[in-house]
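Start from chain G and add chain F according to the hints.
Protein chains in written order, with the working numbering: chain G, 666 to 1161; chain F, 666 to 1161.
Worth flagging that the hints you see were computed from the coordinates, not collected in a lab.
Each hint should be verified, as a subset may be incorrect.
Because identical chains cannot be distinguished in the list, a pair is counted as satisfied if it fits within a single copy or across any two copies.
Claimed, not checked - Pairs of lysine-lysine, BS3-like flavour, derived with a Cα cap of 27 Å:
id, residue 1, residue 2
1, Lys678, Lys762
2, Lys762, Lys667
3, Lys970, Lys1127
4, Lys875, Lys1107
2 protein chains.
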Amino acid sequence: MKGDLDFVREQQKEIIVLGQANALLSWDQETYMCSGGIDARAMQSSLLSRLAHERMTDAKLFAAVNRLLDSGRLKGDDKIMIEKLHKYILRSRKIPKEHVEAMSHAVMMSGPAWRDARRKQDWKIFEPHLKKIIDLKIAQAKYIGLSGHLYNSLLDEFEDGMTAEQLKPIFERLKFELVELLKKIEGSANYKKQRRVMSVGKFSETEQRKFVDGVARRIGLGEKNSRIDLSEHPFTTKIGYGDVRITTAFRRDLLFSFGSTVHESGHALYELGMPKNHQYDVLGDSPSLGLHESQSRFWENMIGKSRSFWKFYFPRFKKAYNLKGDFEKWYREVNFVEPGFIRIESDEVHYCLHVILRFEIEMGLIDGTISVRDLPTVWNAKMKELFGFVPSSIVDGALQDVHWSMGSVGYFPTYAIGTMYAAQLYGALAAEYSGLDKAISKGKFDKIGVWLQDRIHKHGSKYLADEVIRRVCGKGLDPSVYVKYLNEKFGKIYGF
Amino acid sequence: MKGDLDFVREQQKEIIVLGQANALLSWDQETYMCSGGIDARAMQSSLLSRLAHERMTDAKLFAAVNRLLDSGRLKGDDKIMIEKLHKYILRSRKIPKEHVEAMSHAVMMSGPAWRDARRKQDWKIFEPHLKKIIDLKIAQAKYIGLSGHLYNSLLDEFEDGMTAEQLKPIFERLKFELVELLKKIEGSANYKKQRRVMSVGKFSETEQRKFVDGVARRIGLGEKNSRIDLSEHPFTTKIGYGDVRITTAFRRDLLFSFGSTVHESGHALYELGMPKNHQYDVLGDSPSLGLHESQSRFWENMIGKSRSFWKFYFPRFKKAYNLKGDFEKWYREVNFVEPGFIRIESDEVHYCLHVILRFEIEMGLIDGTISVRDLPTVWNAKMKELFGFVPSSIVDGALQDVHWSMGSVGYFPTYAIGTMYAAQLYGALAAEYSGLDKAISKGKFDKIGVWLQDRIHKHGSKYLADEVIRRVCGKGLDPSVYVKYLNEKFGKIYGF
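Excised from the complex, chain G in its bound form (with noise of 0.2 Å):
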């Protein structure tokens, strides 16, 4: 048994640090990399994708985990980290290397077509490209084969555990929760009058830079540790146990330099929390993504959008950018409901929204009940249905999202299921640390990370996430806690 243990973990080993140094070649690629390294990068990062796929299916690898499996003797966290790994082996070799190979040169293709379509605003020329995929994942659950709906098999991918059957009726019961509350908001006299202006401009970038460094070290990003680059959209990734990084952009909002550097630190902040020791083996990650963006959520929105927060850092940024207005009028823009086509720009309510709207079609594309041809009349009559407007271009519409075309699905419903994880995990720390509000408002926040460092980060990928949620909030994915959130600040925002 100790000889394939040791073969195994030298073999997960290998499989992770191939994933790191390919981590470095996309990090690299969105932050420095001259644009005439394109070719050349596509190259190195297929090449060490194959070699981590080849390891990944390995038949002796395959055939070690069996025998540690069947021998009945392994316990703790080996137990857990074989029977892990045996699912995410068995996950890889259900696929063939043709279909594999297949998926890759369609995401390859797609990509570049996606772009053209939207510079076009031309739908049929990404159409073929996202049918050839939606075939592909398709074949790709039916080889998974997971039980229930066949959408299951692609979810699991992302949110190990999670099924549309227990998800359908969530988004069903949040759906209906946003609406009406969209409803009393929109109905509000605040919001006939709203109007933003504090926090639309040209800022200046060394300032916004100043407090971007400077709220990603008191969340406790460490310099040894992190750095913060540019790229066009903000991403977080671990090249390693130890440098994790982010980036952001500078946009004529000024909030979204800082929002996406808070949303990022909570990723981050996540990956240097992991456990060490299990830095090589599939332990030393997140279960789902579903949980990582929980993290992330609960620093951008429960933290990032409260009036402590903005108690602390309002005063800062009045100085700094010269603000016109008092602190009211700031919180109020900071969270500020607008109804918007794009995903990415929406507020707190609106968000789930869009996510679930694309969960729809996603569950529609996979069973046949919606066909690539007429997802972009999908697309505005569900935007209808939930949001009474329609966009006014097909790429704020069935072209906004680059998801898809990297072959992507199954992944929307892991931003609504963190952001219901983040307000579960808030009322949480909240029950429990009583000077939570005034440390917050003083820019205090250490021991907000050392709470979720142990009751989330150390634990890896030992339980799935709902269980991570269970054992910290006594119950596991549950809309009602966040929508009790929406529903005491917005109603207090809008006055209702």
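The following block gives chain F in isolation, referenced to the frame of chain G:
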């Protein structure tokens, strides 16, 4: 044969692509990596190195290459490529795996010891590590077993085709001439009254950055295919075809960032000029480090320290930095000859003496006539002989360079070889290009770039370095051109 050739091409490509990914890991380590990422980085680099080495020494590759050679049907570039690859494979296969691991371990331990020894100015800390490395290098040379001096087997790794027997008389001649020239310089009235005042102090880094960017663009590095970052020591690295990066650093010497950029731009221009159709085989690389250095030295010395060059740049420098003094004074400062302990800060006249000192020591270490224990004493004796003085600290003496701690023995000569080649190339260019001086004085370097590309870069490693130079200059490595150039240039400056 077709099947073997395809297989060999695929394998070569993987080796090269793995090397490129590894180049990015190194570049990042020197520029942006979080310090906390160092352990993970060591793991990443060593995995990619091992995967490349496994492929290089793979029995199937060796067999395919041998079959291709035996077939007698290879032609043109394919023939040269396979023969060269065969040589590289043979060299790799001659060294046992255990030796490679022992060397990699010795180097890993040696770096921190070298830095610690420098901090504490204590040779004893580094001595056992260097002893280990030298013993391994002697073993390595024996495994490789080229004819002639044992040193040839080490030199060959960096300077394919060059031998100690060829180099020794050239270096003897050069040493004699340089010492003679130094006597004349040091005896001159100009030397006695010289002082460096214009180029040292505190200068705006923003302005320096502008000059650095500007001169790299003029030399021919486009934004699409190159970038300039900061690192402790300047270097050039190719991440992939069309993605070449250089670094610089800002120091008290105003000429440091500028001169190092001119130097590294020469390296980068060479990499960018390599034949694209050989980007994934051994012909798409330089045949030797000496030829590579000829390109950097060409720009740094022959162009970047010339009167014509400063006719263009001095007025700009004067204005940007508010310099006090005239052109003649500045030109003399650019070409200031002064004894110093540090190789990389050395002027054109002293530079090769530093190299020859190291070459003589390396030869002695490898043939056993110099012991690692006595190295500091030997170093100082040779300094006394060549320079007339002894470094006050071992940090400026035997502990000066990082190379030996990295296991690079046989590398130093390439610096002097490149320096001599550069002078030969400049002679050939000047003979062909009548408007050369005028173009340089107008900051116009495009024709120079085209000439270098046509005469040097485009060949990749199709010919050995000395053959490339012979084809352009009518003669291989020849110290007399460099000696003549130095005598004429410094005769004018120092007035003899």
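Right, here's what the structure says about each hint:
Proximity of lysine 678 and lysine 762 under a CA criterion of 27 Å is satisfied in both settings, with 22 Å inside one chain copy and 21 Å between copies. Proximity of lysine 762 and lysine 667 under a CA criterion of 27 Å is satisfied inter-copy only: 25 Å between copies versus 31 Å inside one chain copy. Taking the shortest alpha-carbon separations for lysine 970 and lysine 1127, neither the intra-copy value of 31 Å nor the inter-copy value of 63 Å comes in at or below 27 Å. In this assembly of identical chains, the alpha carbons of lysine 875 and lysine 1107 lie at most 27 Å apart only when taken from the same copy (18 Å versus 42 Å across copies).
Consistency note: the structure conflicts with earlier hint 3 alone.
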